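Protein sequence lines correspond, in order, to chains F and C.
Taking this note's numbering, I'd label the letters of the first sequence as residues 1 to 345.
Taking this note's numbering, I'd label the letters of the second sequence as residues 1 to 335.
The hints are all genuine.
Quick look at which bits of chain C chain F covers, simulated, 3 or more residues with Cβ under 8 Å:
1) 147-157
2) 189-202
3) 215-222
4) 263-274
Below are the BS3-like pairs computed for lysine-lysine, each with C-alpha atoms no more than 27 Å apart in a straight line:
5) 271(F) to 197(C)
6) 206(F) to 270(C)
7) 91(C) to 7(C)
8) 149(C) to 283(F)
9) 278(C) to 206(F)
10) 206(F) to 277(C)
Take a look, some chain F residues computed to stay more than 10 Å from chain C by CB distance:
11) 119
12) 286
13) 293
14) 302
Read the hints as simulated data drawn from the structure, not as lab findings.
Note that the structure is a prediction, hence the values are computed from the model and not measured.
For glycine and all other residues, C-beta sits at the position ideal for the given N, C-alpha and C.
As a plain string of letters, each chain reads:
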Amino acid sequence: MPDETTHLLDIQHLHTGFRVGDAFYDAVDDINLTLDKNEILAIVGESGSGKSTLATSIIGLHNPKNTRVRGTIAYNGQNLVGLDETAFNKIRGNDIGMIFQDPLSALNPLMRCGDQIAETLKYHTKLNKQERKEHVLAILERVGIPNPKLTYRQYPHELSGGMRQRIIIAIAIACKPPIIIADEPTTALDVTIQAQILDLLEDIEKETGSGIILITHDLGVVAETADRVAVMYSGQIVEEAPVNELFAHPLHPYTRSLLNSMPQLDNVEDKLHVIQGTVPSLKDMQPDGCRFAPRIPWIPASAHEAHPTMHEVGPNHYVRCTCYKTFHFQDALSSVEGGIVNVTD
Amino acid sequence: MSLIEVKHLKVHYPVRTGFWNRITSYVKAVDDVSFNIEAGQTYGLIGESGSGKSTTGKAIVGLEKVTSGQILYEGQDITKASVRKSMHYNKDVQMIFQDSLSSLNPRKRIEDIIAEPIRNFEHLAPTDEQKRVQQLLDIVGMPSDSIYKYPFEFSGGQRQRIGIARAVATHPKLIIADEPVSALDLSVQAQVLNFMKDIQQAYHISFLFISHDLGVVKHMCPDMAIMNQGRFVETGTREDIYEHPQHIYTQRLLSAIPEVDPTHRQQNRKHRQAVEKKFQSEKKDYYDQNGRVFDLQQLTEHHAAAVKPEQADLCRQEIEHDRYPDELPLRMEVE
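Take these sequences, add in the hints, and give me the full structure.
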């Protein structure tokens, strides 16, 4: 592993808990992650796996009254956990840009699009009004808006979904932040627009050398854009690997089940693989033991670790718990595609 | 005979402007669309948002007023509400909605939600009715104590299954499924799709499957149509559409699907950009001067695409060539 100081963002033992009644329940449970320059890190998981909570913890959007964040998020020599609002406001937008899922609700409906982008610049830079406008027009052009001058004066409702998402991206990259967090940036968009937005994100990463955290539930999007992937399940990272490695040799039972439940493009007549049970709710999460165990009941308890840890199984490839060694699919039929893996260790 | 024959269906919305609020123009949400749904089969409607696929579905159920055209069910035109009522059409055709939470009444228990269509069409004793509801919950694999719960107590996948149970309650012949899985997670999506297939086999139900997800449609539907701007751009079997797409819009849509194979990422991206470029430069060959999609041209027995009549012969040759590739190459492969 490279020296720790070289990481752009270094998350160690992050816990984010929400208050339910008088107790706190950890939606993000002991996450260790790093992000480097020039890298797209994808975080994959189903709804309720804590991937968005992780993002909002990094950018400090939690209400301290009802949330408890512990651990360290090291950025540029300082710990982002526990910073006060004034200090955080200097970082948001300037050092960490955020792209939200639903562009319509993320934009202010009463402000012209151009002014919303200029707002970030006004807060973080010393540019005057004219310079800001020129800058905004350049950014609008950069994110592929066909007529920047017109769009500058338009309101969000006048734009299509893809255009609105481009405005959001423009706001996020306005100050050229070294870190961009994209939380489901293409979920609300059509496939053709999705492809354009993903291309745009990739181009931005190449041009500015930013590190991008891409949060998504779509494995196709991951395969097309990510460099490194972390799979989350019920608040924990269960597998982390470079993208080619993960899709070629998925190891954790959850990753393998997820890949298996995608509609395969070649065998259309077969039934889809279904993961038994449901994602546990915040209150029902087991404090210890393998959290995926209840959903693969045919694997004996002895195969799981009592206190699962991340195991290094290959270069930069980590898997939680030992159950991956003996895991097999219940019915032989569904294990044909992407299921059989040769574990050599 | 087909279960449903849709003939030249048009749904236009008037645009009113000015002081007198006169009708100045029309939004052509669905503009001259024809297709058949066979009994026990699944027909797929694919399109981006705003293409009119949901409006088509709603027009068939009778939730949308049809401007012109016919929807034939057992030989009778059911675009009039009185005809629908007289031939039990409302019982035979049901709908599954995209957003399961907003399509279930939050103040009703699951028992009442599922029993509502039964109460509408059949008069059962309370005990029989409860038995039926239990059976329906069994079919969709829900625990029996869920009849006394409320919709908010269930997860998204469970709610969608309740929606399916409600749709199946009246023993329908056709179910319109409007984006039934697009709000669901991958593993839950698999569950719901499997249920839909099981129910189709067990009760011989037809589906009109409306979706924007090309992977899901490929899994579910042997026949399908691609919609764009309220018109069909291409219809055909699964093989026709996915292996031999003729219309530029179909090709563009297919190239935009992300592939679950990171090793071919660069090629996919190049291919996608090449198709996009082709789409921009050849747009005028596929749309008339008003940007309207051409009429469908029959290319093979089951494959039709909206191309110019003079282009159709070339397309036929291409399909022929794709099938029997040992002859001379006709088309340059897009890099």
